[in-house]
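Following the hints, put chain B with the ligands in place on chain A, whose structure we already have.
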Amino acid sequence: MTVSFFFQTLISGISNGMVSYLMIAGVSLIISGMSMVNFGQGAFYVLGTYLTYTIAAKIGFVPSLILVPILVAGIGYFVEKATRPLFGKDMLYIMLLTYGVAYMLCDIIVMFWGYSIRLLSLPAFLNGGVKIVGIKFPVYYIFEIVISGITAFAFWLMINKTKLGMLTRAIISDRPMVANLGVNVNQMFSVLFMIGIGIAGLGGVLNAPVTGMSPKEGLSIFGNVMPILCIGGLRNMDGCLPAALLVGLVNAFGAVYLPQYYNVLPAALMVICMFINPKGIFTRREGR
Amino acid sequence: MILELKEVHGYYDKSHILNGVTLSVGQGTSVCLLGRNGVGKSTTMKTIMGMLNPKEHCKTEGSMKFDGKELAGMKSHSIARLGIAYVPQGRHIFPTLSTEENLKVAARAGVDGSCKWNLETVYTFFPRLEERKDSKGDKLSGGEKQMLAVARGLMQNPKMMLLDEITEGLAPIIVDQLASMVQNLVAEGVTILIAEQNVKFAMKVSSDCYILERGAIVHHQATKELTAETRKKYLGL
Ligand SMILES: Nc1ncnc2c1ncn2[C@@H]1O[C@H](COP(=O)(O)OP(=O)(O)O)[C@@H](O)[C@H]1O
Ligand SMILES: [Mg+2]
Chain A
6 MTVSFFFQTL ISGISNGMVS YLMIAGVSLI ISGMSMVNFG QGAFYVLGTY
56 LTYTIAAKIG FVPSLILVPI LVAGIGYFVE KATRPLFGKD MLYIMLLTYG
106 VAYMLCDIIV MFWGYSIRLL SLPAFLNGGV KIVGIKFPVY YIFEIVISGI
156 TAFAFWLMIN KTKLGMLTRA IISDRPMVAN LGVNVNQMFS VLFMIGIGIA
206 GLGGVLNAPV TGMSPKEGLS IFGNVMPILC IGGLRNMDGC LPAALLVGLV
256 NAFGAVYLPQ YYNVLPAALM VICMFINPKG IFTRREGR
Chain B
6 MILELKEVHG YYDKSHILNG VTLSVGQGTS VCLLGRNGVG KSTTMKTIMG
56 MLNPKEHCKT EGSMKFDGKE LAGMKSHSIA RLGIAYVPQG RHIFPTLSTE
106 ENLKVAARAG VDGSCKWNLE TVYTFFPRLE ERKDSKGDKL SGGEKQMLAV
156 ARGLMQNPKM MLLDEITEGL APIIVDQLAS MVQNLVAEGV TILIAEQNVK
206 FAMKVSSDCY ILERGAIVHH QATKELTAET RKKYLGL
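Same order as they appear, the protein sequences are chains A and B. Counted the way the working numbering counts, the first sequence spans residues 6 to 293. Counted the way the working numbering counts, the second sequence spans residues 6 to 242.
In isolation and in its complexed conformation, chain A is listed as follows (with noise of 0.2 angstroms):
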C-alpha cells in the first residue's frame, strides 16, 4: 500500500463513518430522549436521497442540504404524533410502528420516482479532485466531512449548552420531573423526534450524488448501521461519533485488505465490542 493510497482509503473511510454517523446520531437521539427505537429512521434516509433527486434538479444541490432535511423532518412530525398512543406500551409496539412507517415510505417513494435507481451529478465545484500535501483526494469526500463534522459539532453543541440539550439529558433519568418543572414533554418529543429525523435526511441528501439507492434499501439500511449505534452505545449519544468513524475505517481498509469479509466486518466488530463493553466501548464507566 503506498502512502498515497493509505490517505486516500482513509479519507474514504472518514467520510462515510461521518455520513454513517448522520443516520446514527438522529437513531440515537431519540433512543436517548424518547426511550424508542425508530426502526424507520433508514427510509428517512432514503426519502432524503430521493427528495434531493428532484428538489436539486430544481434549486440546485447545495439549497438541498437544508431545504431536504426539513421537508423530511416535517414527515418526521407527523409520525411522531402517530407514536404517541403507543407511548408508555410495549417497545415492540413501537417497533412494529416505525418498522411499518418504513414499509409505507419505502413504497410512496416507489409510486414518486419508479424503481430504476439513479445518480445525481455533482455541481462543478464539487466535482474532481484536490491536491493535499501532493495527495489527490476526491472534493465531494472532503466535503461530506466537512459538512457531517459541522453538523456533529451543532448537535454536539444542542445537547450539551441548550437548554433543550439538557431537558434531553434530564429526560432520560426523570421524565415525571421534568414535566413538574412545567416542560411540555410531548412537544419536546416532537421537537427531538424531528431533529432526528432531520439529521437522517441530512445524510441522505449527502448519499444523493454518491450511491445509487433502491427505494426498498430504505429498509435494509438501517441494519448496515445497526453496528454503529451498538459499538458507540445505545444510550450514549457521545459514543455515535466515535463509533461511525471507527466502523467507516474498518469499512474502507476492510475492502482492501479482506475483501471476501467485507461485509461481515461491521457486525464481527460489534460482536468483539459488546464483549468488551455491552454499554458501548465509547461509553463512560461510572464515575467521574
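A couple of the hints might just be wrong.
Claimed, not checked - Derived DSS-like pairs (lysine-lysine); straight-line CA-CA distance at most 30 angstroms:
#, chain 1, residue 1, chain 2, residue 2
1, B, Lys64, B, Lys74
2, A, Lys86, B, Lys109
3, B, Lys209, B, Lys237
4, A, Lys284, B, Lys144
5, A, Lys168, B, Lys80
Unchecked claim - Looking from chain B toward chain A, a few residues come up when the C-beta cut is under 10 angstroms (computed):
#, residue
6, Ile22
7, Asn24
8, Gly25
9, Glu61
10, Cys63
11, Lys80
12, Arg86
13, Pro93
14, His97
15, Thr101
16, Asn107
17, Arg113
18, Arg157
19, Met160
20, Ala227
Treat the hints as calculated values from the structure; they're not laboratory data. Here a beta-carbon is modelled for each residue, glycine too, at the ideal position from N, C-alpha and C.
Quick look at chain B with the ligands alone, frame taken from chain A:
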C-alpha cells in the same frame, strides 16, 4: 386562599388512597401536612401536581383550586406553569446533569413575569451550591441535593412551593439549616405547603397544620398549639 382542596379522592389503579382531603393554604403562609408514614402526604402533593391521572392508571376526584383555577384534569406541566414548584420526596435531582444545569433546566420567569430568582440570587441564598456548581447531581451529599431540589424549585419563580419531606434522612444540623431556609423563604413572600413527619421541624417552619390519617384530614390547628396529646395520638410522638 391561594390553594383550596375540597373532598379530594385519589386512586392508584384500584387502591383508594385519598379519602376526601379538604384543606386550604392562604397567600404567603406556610402550612404543614403532618402524618405518619404511608398516610397519603406525598399522594396529596402528587394529586395537586396532576400526577394521579388516567395515563398513569390513576384517578383523582374532587376539586382543587389554585388562584381560583380548577386544577383537576390539568396536565402536570400546565399546573407547574400556574406557579407551583414541586419539590418531591426523594429530591429527584437529575443525576447526569451538573448542579448548575439542574438549576438552568428549571429557570423560568414567574407568572407575573418576575425573575427575582435566577442563578445569581439562588447562589446568594445557597452559597454551597455555587461551590458545587460543576459537580454532577449524583455526586452531591444528601443535604446538598436537598438544597438543590429547593433551589431548582425557586428557579421557576413560583407563587407557591410544595415541599415533600425535605428533612428526610438528613443530619440534625442540616435540618436546622433547612428550617431557617424555609423561614427565609416565607419572609420572601413564598407560599409553602410542606409535608413532614418531623413535628419539631414543622413547628419551626409552619403556622398552620393539618394531620392526615389514612388519606383523610383528622385534625387542623395552628402548628404552635399542637398539644403533646394530639401529637401522641396521631403521630406516635
Ligand atoms: N405508586 C403507588 N401505587 C400504589 N400505591 C401507592 C403508590 N404510592 C404510594 N402508594 C400507597 O399510598 C399510600 C400513601 O402513600 P404516600 O402518599 O406516599 O404516604 P406518605 O407520603 O404520607 O408517607 C401508602 O399506603 C402507599 O403504599
Ligand atoms: Mg411521602
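Structure-based check of each hint:
Between the alpha carbons of lysine 64/B and lysine 74/B the distance comes to roughly 19 angstroms, so the proposed pair stays at or under 30 angstroms and holds. Under the criterion of a C-alpha separation no larger than 30 angstroms, the hint pairing lysine 86/A with lysine 109/B is consistent with the structure, at around 29 angstroms. Proximity of lysine 209/B to lysine 237/B is assessed by CA-CA distance (about 18 angstroms); at most 30 angstroms being required, the pair is judged to hold. Simply put, lysine 284/A and lysine 144/B have alpha-carbon atoms about 21 angstroms apart, close enough for the 30 angstroms limit, and the pair holds.
Distance hint between lysine 168/A and lysine 80/B is fulfilled; the C-alpha atoms sit about 21 angstroms from each other, no more than 30 angstroms. With a least beta-carbon distance of about 17 angstroms to chain A, the hint placing isoleucine 22/B at the interface is violated under the 10 angstroms criterion. Interface restraint check: asparagine 24/B against chain A, minimum CB-CB distance 24 angstroms, threshold 10 angstroms, status violated. At its closest, the beta carbon of glycine 25/B sits 25 angstroms from a beta carbon of chain A; the interface hint therefore is violated under the 10 angstroms criterion.
Interface restraint check: glutamate 61/B against chain A, minimum CB-CB distance 9 angstroms, threshold 10 angstroms, status holds. For the restraint placing cysteine 63/B at the interface with chain A, the shortest Cβ-Cβ distance is roughly 12 angstroms, beyond the 10 angstroms limit, so the hint is violated. The closest approach between the C-beta of lysine 80/B and any C-beta of chain A is roughly 7 angstroms, which is under the 10 angstroms cut-off, so the hint is satisfied. For arginine 86/B, the shortest C-beta to C-beta distance to chain A is roughly 5 angstroms, which falls under 10 angstroms, so the interface hint holds.
A least Cβ separation of about 7 angstroms between proline 93/B and chain A falls short of the 10 angstroms threshold, and the interface hint therefore holds. A distance limit of 10 angstroms between C-beta atoms decides the matter here; for histidine 97/B the minimum to chain A is near 4 angstroms, and the interface restraint holds. The criterion of a C-beta within 10 angstroms of any C-beta in chain A is met by threonine 101/B, whose closest approach is roughly 5 angstroms, and the hint holds. For asparagine 107/B, the interface hint holds, the least distance from its beta-carbon to any beta-carbon of chain A being 8 angstroms, beneath 10 angstroms.
With its C-beta approaching chain A no nearer than about 6 angstroms, arginine 113/B sits inside the 10 angstroms limit, and its interface hint holds. For arginine 157/B, the interface hint holds, the least distance from its beta-carbon to any beta-carbon of chain A being 8 angstroms, beneath 10 angstroms. About 9 angstroms separates the beta-carbon of methionine 160/B from the nearest beta-carbon of chain A, less than 10 angstroms, and the hint is met. About 30 angstroms separates the beta-carbon of alanine 227/B from the nearest beta-carbon of chain A, more than 10 angstroms, and the hint is not met.
The structure fails hints 6, 7, 8, 10 and 20 (numbered hints given earlier, in ascending order).
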